[in-house]
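These protein sequence lines map, in sequence, to chains B and Z.
Using my numbering, read the first sequence as starting at 336 and increasing by one per residue.
Using my numbering, read the second sequence as starting at 1315 and increasing by one per residue.
These are calculated hints, taken from the structure and not from any lab test.
Glycine residues also receive a C-beta, built at the ideal position from the N, C-alpha and C atoms.
Mixed in with the good hints there might be a few duds.
Claimed, not checked - Pairs of lysine-lysine, BS3-like flavour, derived with a Cα cap of 30 Å:
id	chain 1	residue 1	chain 2	residue 2
1	Z	1487	Z	1511
2	B	573	B	393
3	Z	1487	B	393
4	Z	1487	Z	1508
5	B	393	Z	1508
6	Z	1482	Z	1511
As the list claims (entries may be wrong) - Short, incomplete list of chain Z residues facing chain B, as computed with Cβ under 7 Å:
id	residue
7	1352
8	1358
9	1422
10	1445
11	1463
12	1497
13	1653
14	1657
15	1661
16	1769
17	1771
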Amino acid sequence: MSEPRFPDDLDTIRAVADAVAVCNRCGNCMAVCPVYAETRAEPGVARGRVQLAAGILKGTLPADEEVAAALATCTTCMACEDACPSGVRVVDIVNAARAQIVESRGLPWAKRLLFEGVKRPGVLRAAADAAARLQGAAFKPAADRDLRRLRFPYGLAARRAYPPLAARPFAHPGARRKTGSRPRVLLFPGCMVTYVYPGIGDASVRVLEREGIDVVAPPAAACCGVPLEAHGDLQGAKDLARLQLDQLEGLEFDALVAACPTCTSSFVHRYSRLLAEEPQYAARAQALAARSYDITSYLVDVLHVGPPAGSLHATVTYHDPCHLARGLGVTRQPRELLTAISGVRLAEMREPSRCCGGAGSFSLTHQELSIAIGARKAADIAQTGAEVVATSCPGCRMQLADVLAQAGDDRPVAHVVELLAAAG
Amino acid sequence: MSAGADSARADDVSNDLIRALEGALQKKQILTRTSELLCYAYDATAGEAGRAPDVVVLPASTDEVAGVVRIARDAGVPVYPRGAGTSLSGGAIPARGGIVLSTAAMDAVLELDVANQCAVVQPGVVIQHLNDLAAEHGLMYPPDPGSVAVATMGGSIAECAGGLRGLKYGVTKHYVTGLEVVLADGQVVRLGGKSTKNVTGYDLVGLFVGSEGTLGVITEATVRLVPAPEARATMSAAFARSGDASRTVAAIVAGNVVPATLEYIDATTLRLVEEYLHAGLPVEAAALLLIEVDGPPEAVAREAELVERVCREHGGEVERAADDEARERLWAARRAAYPALARQSRGTIVEDATVPRSRVPEMLAAIEDIAARYDLTIATVGHAGDGNLHPTVLVDPGDKDLMDRAHAAVAEVFRAALDMGGTLSGEHGIGSAKAPYLSWALGDGGMDLTRRIKAAFDPQDILNPGKFTA
Chain B
336 MSEPRFPDDL
346 DTIRAVADAV
356 AVCNRCGNCM
366 AVCPVYAETR
376 AEPGVARGRV
386 QLAAGILKGT
396 LPADEEVAAA
406 LATCTTCMAC
416 EDACPSGVRV
426 VDIVNAARAQ
436 IVESRGLPWA
446 KRLLFEGVKR
456 PGVLRAAADA
466 AARLQGAAFK
476 PAADRDLRRL
486 RFPYGLAARR
496 AYPPLAARPF
506 AHPGARRKTG
516 SRPRVLLFPG
526 CMVTYVYPGI
536 GDASVRVLER
546 EGIDVVAPPA
556 AACCGVPLEA
566 HGDLQGAKDL
576 ARLQLDQLEG
586 LEFDALVAAC
596 PTCTSSFVHR
606 YSRLLAEEPQ
616 YAARAQALAA
626 RSYDITSYLV
636 DVLHVGPPAG
646 SLHATVTYHD
656 PCHLARGLGV
666 TRQPRELLTA
676 ISGVRLAEMR
686 EPSRCCGGAG
696 SFSLTHQELS
706 IAIGARKAAD
716 IAQTGAEVVA
726 TSCPGCRMQL
736 ADVLAQAGDD
746 RPVAHVVELL
756 AAAG
Chain Z
1315 MSAGADSARA
1325 DDVSNDLIRA
1335 LEGALQKKQI
1345 LTRTSELLCY
1355 AYDATAGEAG
1365 RAPDVVVLPA
1375 STDEVAGVVR
1385 IARDAGVPVY
1395 PRGAGTSLSG
1405 GAIPARGGIV
1415 LSTAAMDAVL
1425 ELDVANQCAV
1435 VQPGVVIQHL
1445 NDLAAEHGLM
1455 YPPDPGSVAV
1465 ATMGGSIAEC
1475 AGGLRGLKYG
1485 VTKHYVTGLE
1495 VVLADGQVVR
1505 LGGKSTKNVT
1515 GYDLVGLFVG
1525 SEGTLGVITE
1535 ATVRLVPAPE
1545 ARATMSAAFA
1555 RSGDASRTVA
1565 AIVAGNVVPA
1575 TLEYIDATTL
1585 RLVEEYLHAG
1595 LPVEAAALLL
1605 IEVDGPPEAV
1615 AREAELVERV
1625 CREHGGEVER
1635 AADDEARERL
1645 WAARRAAYPA
1655 LARQSRGTIV
1665 EDATVPRSRV
1675 PEMLAAIEDI
1685 AARYDLTIAT
1695 VGHAGDGNLH
1705 PTVLVDPGDK
1715 DLMDRAHAAV
1725 AEVFRAALDM
1735 GGTLSGEHGI
1745 GSAKAPYLSW
1755 ALGDGGMDLT
1765 RRIKAAFDPQ
1775 DILNPGKFTA
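Bound conformation, chain B alone (with noise of 0.2 Å):
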């Protein structure tokens, strides 16, 4: 087709609104919304979430905490999107909805002082290792995982079985001054890799150098920015694309790589969106962009990778991960990798890149909509009769054990990459 016909740039007011109009209600986000499934009821599906969106921006619907509980039900999973036959970016308009609710509003207080931690390494940092060390008042082991249940169980927290945060943060050397010619990887690995996977990084390194590549890690540690702008936190978001433009900025490295595709997702679409007014910045979030990769992808896609040297001998289902399969379109490389390990037989699941209710912090503060979600994609695992679960994603990765622990089900859940490292 022709010209685009919405900047793509969702700031301002008026480009929101042209991005509603673009919704004719026709209801085809019914089919494949996985909050719909559960609630059945029209605020809970993009149809309804975009009248709410409108009804916001437009100020005819008061920007109150009753609407932002409502838009608050949304996964950002994108499969609505996926369906939609006008193209609306049901994501872009929920998100520009829930800004100018905390424009409108601020931010709840406890959110407030959180992302202002977040948006200081320093203070995340030091916040997670006073975690890790303290956790153990908080939680029990779950029997016989690695999960641990709340300690003092309240409502349905009880239910849920979190990853302890890692007692040793996920690190790797610095950027470095470049010598030799092999090729440099900026290994970026984001919040959930750094203090509750880290396994997911040091495996990255692994399969990376095996393949000869130079993996260096960025300065410091800090948040991509998507949790903030997901709860309308736009200044913050903001700050932290700021903050990690600059902190690449003058490094020497070939591609960045993430593990975690919102994080990657950040890189290749949001920041050069996010800081469109900003010519400078948008112009660096635009160069790297076009250098940054899901692993999967850059292992696949660039360095065309031949099957590791050892074997696995076992039937993986895999899940797709929302921004990975929708976000960024990568659905093909890591069942590649996946099947090319030696013993590795895929067993698809239906449905492989149905949410699985984990999206972020959304499990934390919808837990009996994420278990519910979480339980149909346990269920669709289980009819695999696969032995070991594969995702993309650190964030799929803990949702999946979670669910999957509350089923009774005691298959191991791994990131592509780790079953790669494995089976190096």
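Use these hints to put chain Z onto chain B, whose structure you have.
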């Protein structure tokens, strides 16, 4: 009375109403927040302004539906039954406040009776879901509206939905054999059953199919299933002149072949679909026919050959799908028609005026003429085999002049269809969008009878008021 006192009184009414509903339902089945109500003010009809209801209820059983209707009866407030809200004639839009009764939560397939080839379903079952279950037994439920993946059985029965397979398999009314309905006074009646033959008094089941929620609330349905076809052949035929394509439609059926699907795609749609899909469609063609025959393999082979021959005789360039992948490519083009049109404009008015199939060439010419006179883009796709065309006007609900021209053009389309012995609606229903034209089709006698039927079933006019019975 001052406006202030008026709205205070209205608040009292709705507070009393909500308290009464709380006696019949759990709190979580009652939606009252402004934001929630806003999400039930519309359906999929472009440019039909609705207003938010006073309350939305999500009953989970027939008893709960009956309870809600009794409360509405006592309070004298409207009840708007709603399935998935995908109707295209304004049928699900609350016209003047009251209660939206969503049956979405009643979504169980109660029985799949293979011996009797039928299913008993609750109204909130999604059509595709029933089809998925039926397929496990080699059966299918033929009605397949474009919204099949989201539309509910209750909604599609109330609207008598059609679909692509209508030519050979008919529409919803040909498959409903039994209903459970909550009447306007809260009484529950069970009508018909699993028998395929049934002449017990009036055809009350038939009366409710297509009644658009104006006579009662469907709470359970028994529907026929048919064996899924063993084989099928799919082909496309491109024509340099649109008249040749539409004459081919009539010729195929005159040759005593009844394809499962016989779709017409006009040049405007073809061009937009190609821009959207890049599927290598013949964009230079004036019209494209998509044809699928199904049945036992030997019959399919014979019919496909005949269809190809008729197409060629009329100047069509025929391409037969060699395998499932090629078949999927052809259908993807048809499915993309709506997205391609939707992306081209801010809104679409999808009409479904229907004519006897021999008049399809004339009807297509009339639509082209009307589009030119009103300076509108009208893209026509349609189930040409059964005379059911979908002239789709590209509109912008924010552009009043454009909307006025579109509505005037649509009125002319209706007039043309009726003049050719056709109808206002093949499968979308009348609702509020086509209500102003209903008397053209029914005449004074028909309108009077319609109103008397409505009054007999719903003397207080509380069931989906403000629609075609108003």
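Worksheet item: Against chain B, is residue 1653 of chain Z within 7 Å by beta-carbon distance?
Response: This interface hint holds because 3 Å falls under the 7 Å limit.
Discussion item. So, as I understand it, the hint says residue 1463 of chain Z touches chain B; can you test that by seeing if any CB pair is closer than 7 Å?
Written reply: 4 Å, holds
Discussion item. Hint validation: residue 1358 of chain Z versus chain B, beta carbon distance must be below 7 Å. Holds or violated?
Written reply: 5 Å, holds
Worksheet item: Are residue 1497 of chain Z and chain B close enough, Cβ to Cβ, to be under 7 Å, as the hint says?
Response: The hint is violated - residue 1497 of chain Z has no Cβ within 7 Å of chain B, the shortest such distance being about 25 Å.
Worksheet entry | Proposed proximity, residue 393 of chain B with residue 1487 of chain Z (alpha carbon, max 30 Å) | 43 Å, violated
Item to complete: Under 7 Å, Cβ to Cβ, is where residue 1352 of chain Z needs to be relative to chain B, so tell me if that hint holds or is violated.
Response: 6 Å, holds
Practice prompt. Against chain B, run the beta carbon of residue 1445 of chain Z and see if the smallest gap drops under 7 Å.
Written response: 13 Å, violated
Worksheet item: Hint check: is the beta carbon of residue 1661 of chain Z less than 7 Å from a beta carbon of chain B?
Response: Result: holds, 6 Å to nearest chain B Cβ.
Worksheet item: Within a Cα-Cα threshold of 30 Å, do residue 1487 of chain Z and residue 1508 of chain Z meet the stated pairing?
Response: The hint holds at about 14 Å.
Worksheet entry | Proposed interface contact between residue 1769 of chain Z and chain B, which counts if any beta carbon pair is under 7 Å | 32 Å, violated
Discussion item. The hint names residue 1771 of chain Z as touching chain B; please verify it with the least Cβ-Cβ distance against 7 Å.
Written reply: 28 Å, violated
Worksheet entry | When the least beta-carbon distance from residue 1657 of chain Z to chain B is tested against 7 Å, hint result | The hint holds - residue 1657 of chain Z has a Cβ within 7 Å of chain B, the shortest such distance being about 6 Å.
Of the numbered hints stated above, those contradicted by the structure are hints 3, 5, 9, 10, 12, 16 and 17, listed in ascending order.
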